[in-house]
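Enquirer: Work out the full structure: start from the sequences and follow the hints.
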Amino acid sequence: MKTPRLLRIRQSLASRITLWVVLYVVVTLIISAVLGNYFILRIVRDIEENGILYVIGVRRMRLVMTLLFLLTLGILTYLLRRSIHKLIAPLTTFTQAVDEVARGNLQAELPVIQSKDEMRRLHRSFSLMQQSLARQMEELKQVNEEKGRLEGELNAARDIQLSMLPEAYTPATDSRWDISGSLTPAHEVGGDLYDFFVRDGKLFFCIGDVSGKGVPAALVMATTLCEFRIAASHVDDIEKVITYINRIMCKGNDSMMFVTFFAGVLDLTSGRLNYVNAGHNKPFIVSNRVIELPAKPGLPLGIEDTIPYVMREYDIPPGSMLFLYTDGLTEAMNVQQEQFGLQRLTEQLNTGTNSKAQIEKMTQAVHQFVGDAPQSDDLTMLAIRYIEN
Numbered sequence: 005m006k007t008p009r010l011l012r013i014r015q016s017l018a019s020r021i022t023l024w025v026v027l028y029v030v031v032t033l034i035i036s037a038v039l040g041n042y043f044i045l046r047i048v049r050d051i052e053e054n055g056i057l058y059v060i061g062v063r064r065m066r067l068v069m070t071l072l073f074l075l076t077l078g079i080l081t082y083l084l085r086r087s088i089h090k091l092i093a094p095l096t097t098f099t100q101a102v103d104e105v106a107r108g109n110l111q112a113e114l115p116v117i118q119s120k121d122e123m124r125r126l127h128r129s130f131s132l133m134q135q136s137l138a139r140q141m142e143e144l145k146q147v148n149e150e151k152g153r154l155e156g157e158l159n160a161a162r163d164i165q166l167s168m169l170p171e172a173y174t175p176a177t178d179s180r181w182d183i184s185g186s187l188t189p190a191h192e193v194g195g196d197l198y199d200f201f202v203r204d205g206k207l208f209f210c211i212g213d214v215s216g217k218g219v220p221a222a223l224v225m226a227t228t229l230c231e232f233r234i235a236a237s238h239v240d241d242i243e244k245v246i247t248y249i250n251r252i253m254c255k256g257n258d259s260m261m262f263v264t265f266f267a268g269v270l271d272l273t274s275g276r277l278n279y280v281n282a283g284h285n286k287p288f289i290v291s292n293r294v295i296e297l298p299a300k301p302g303l304p305l306g307i308e309d310t311i312p313y314v315m316r317e318y319d320i321p322p323g324s325m326l327f328l329y330t331d332g333l334t335e336a337m338n339v340q341q342e343q344f345g346l347q348r349l350t351e352q353l354n355t356g357t358n359s360k361a362q363i364e365k366m367t368q369a370v371h372q373f374v375g376d377a378p379q380s381d382d383l384t385m386l387a388i389r390y391i392e393n
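Mapping of the sequence shown onto our numbering: residues 5 to 393, in sequence order.
None of these hints come from the bench; they were simulated from the model. Any given hint might turn out to be false.
[What the hints assert, rightly or not] Now the in silico label distances, taken between C-beta atoms and shown as ranges: (1) Gln140 <-> Gly78: 49 to 55 angstroms; (2) Ser291 <-> Ser215: 32 to 38 angstroms; (3) Lys145 <-> Glu364: 29 to 35 angstroms; (4) Ser291 <-> Glu150: 51 to 57 angstroms; (5) Asp376 <-> Pro321: 36 to 42 angstroms; (6) Ser237 <-> Thr273: 33 to 39 angstroms; (7) Pro378 <-> Asp258: 29 to 35 angstroms; (8) Gln372 <-> Gly275: 30 to 36 angstroms; (9) Ala361 <-> Ser237: 26 to 32 angstroms.
[Unchecked claim] Derived EDC-like pairs (lysine to aspartate or glutamate); straight-line CA-CA distance at most 16 angstroms: (10) Lys206 <-> Asp271; (11) Lys206 <-> Glu317; (12) Lys286 <-> Asp331; (13) Lys365 <-> Glu351; (14) Lys255 <-> Asp309; (15) Lys286 <-> Glu296; (16) Lys206 <-> Asp240; (17) Lys206 <-> Asp182.
We treat Cβ as the ideally placed atom computed from N, Cα and C, and that holds for glycine.
Expert: Pasting the structure below:
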């Protein structure tokens with residue numbers, strides 16, 4: 005689409021070229037008429053004075069007129085060509101300079117325009133645009149450098165965040181148990197969390213999902229994880245641990261971020277599990293069949309500091325597995341916007357494998373289902389298997 009300024013320049017050049025052509029035609033006709041009239045009179049006088057035959061005079065007149073017209077036409081054509089070339093030469097040079105700028109040479113020197121017309125105004129506008137582009141390119145370079153620095157810092161933060169999480173564990177006091185966890189952030193840093201450790205013959209574990217994404221969610225994740233480790237290192241009652249963490253999360257929570265959280269204490273000798281669900285997805289018990297762990301969700305952490313949390317108990321039978329996850333698993337979507345869902349999740353659960361292999365199998369199933377679709381949420385899983393003797 006042509007801009008109004010380019011249209012004006014085009015019309016201006018067309019008008020001036022048209023004027024030159026009109027002048028060319030007029031001058032040619034005038035010169036031809038004047039010189040033709042002169043030579044006609046000259047030939048007529050020669051005929052009258054010398055008595056040359058009329059036919060010879062006419063032929064001579066035609067020849068002279070033709071030669072004269074061709075000579076005049078050639079001279080005027082040359083002058084017209086020079087004039088038009090001089091008229092459009094600045095535009096040609098200007099186009100060459102514009103091509104240089106288009107190829108990335110923002111320092112290309114623009115031609116000097118002497119005429120005070122649209123070409124001068126176009127030259128001024130393009131010069132300003134050239135300077136503006138140079139400034140923007142410099143600013144873009146600085147932005148890219150800053151972006152690279154931030155990406156480096158976020159990658160470092162990702163490594164630090166992942167290093168806070170345990171991967172696999174087999175209690176030295178009881179080889180009947182094996183535990184594995186996995187967290188795959190959707191971005192550089194994420195808001196999911198899980199943790200487990202053994203103290204006094206008991207396994208303390210948790211899994212959670214912070215509302216939101218990115219750096220704020222990662223900070224809340226780190227805070228929640230640290231508070232769980234501090235509280236669970238000294239208190240066996242998981243209900244008191246959750247209540248303590250909730251009070252901490254509610255203090256100064258101006259951003260109104262919350263955490264869905266599931267935490268439990270498992271007696272590694274008896275298989276007795278005490279647990280509290282603070283608004284999180286219900287875990288699965290996988291044995292000869294797959295069932296959801298009875299766990300009516302309470303409010304997530306960080307919403308109300310006076311809310312009571314209820315602890316429940318469950319005896320995990322030997323040969324079964326406790327599988328916990330965040331909604332990044334069930335809500336993983338493929339390019340058709342279909343979710344992985346609970347049915348596909350339960351189809352992948354199998355007690356005939358260890359906890360690490362179970363998580364790897366689930367991860368592979370999700371990746372195959374999602375395909376080329378981008379990961380929309382953090383993907384976190386925790387598996388605790390009670391090996392049957």
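Enquirer: Are the hints correct? Go through all of them and say.
Expert: The hints, checked one at a time:
1. The hinted window of 49 to 55 angstroms between Gln140 and Gly78 holds, with their beta carbons roughly 53 angstroms apart.
2. For Ser291 paired with Ser215, a C-beta distance near 33 angstroms keeps the hint of 32 to 38 angstroms intact.
3. The hint said 29 to 35 angstroms for the Cβ distance between Lys145 and Glu364, and at roughly 43 angstroms that hint is violated.
4. Checked against the hint of 51 to 57 angstroms, the C-beta distance between Ser291 and Glu150 comes to roughly 54 angstroms, which is consistent with it.
5. Separated by about 41 angstroms at the C-beta atoms, Asp376 and Pro321 satisfy the suggested range of 36 to 42 angstroms.
6. In this structure, Ser237 and Thr273 break the distance hint of 33 to 39 angstroms, their C-beta atoms being roughly 20 angstroms apart.
7. Distance hint check for Pro378 and Asp258: the Cβ-Cβ separation is about 31 angstroms, which falls inside the suggested range of 29 to 35 angstroms.
8. A C-beta distance of roughly 34 angstroms is found between Gln372 and Gly275, which places it inside the suggested range of 30 to 36 angstroms.
9. Separated by about 30 angstroms at the C-beta atoms, Ala361 and Ser237 satisfy the suggested range of 26 to 32 angstroms.
10. Between Lys206 and Asp271 the alpha-carbon distance is near 5 angstroms, which keeps this suggested pair within the 16 angstroms criterion.
11. Restraint check: the Cα-Cα separation between Lys206 and Glu317 comes to about 14 angstroms, which is no more than 16 angstroms; the hinted pair holds.
12. For the hint linking Lys286 to Asp331, the alpha-carbon distance of about 10 angstroms falls within 16 angstroms, and the restraint holds.
13. Between the alpha carbons of Lys365 and Glu351 the distance comes to roughly 11 angstroms, so the proposed pair stays at or under 16 angstroms and holds.
14. Restraint check for Lys255 and Asp309: satisfied, since their Cα atoms lie roughly 8 angstroms apart, inside the 16 angstroms limit.
15. Using a Cα cut-off of 16 angstroms, the hinted pair Lys286 and Glu296 holds, with the two alpha carbons roughly 6 angstroms apart.
16. Simply put, Lys206 and Asp240 have alpha-carbon atoms about 9 angstroms apart, close enough for the 16 angstroms limit, and the pair holds.
17. Taking the CA atoms of Lys206 and Asp182, the gap is near 13 angstroms; set against the 16 angstroms cutoff, the hint holds.
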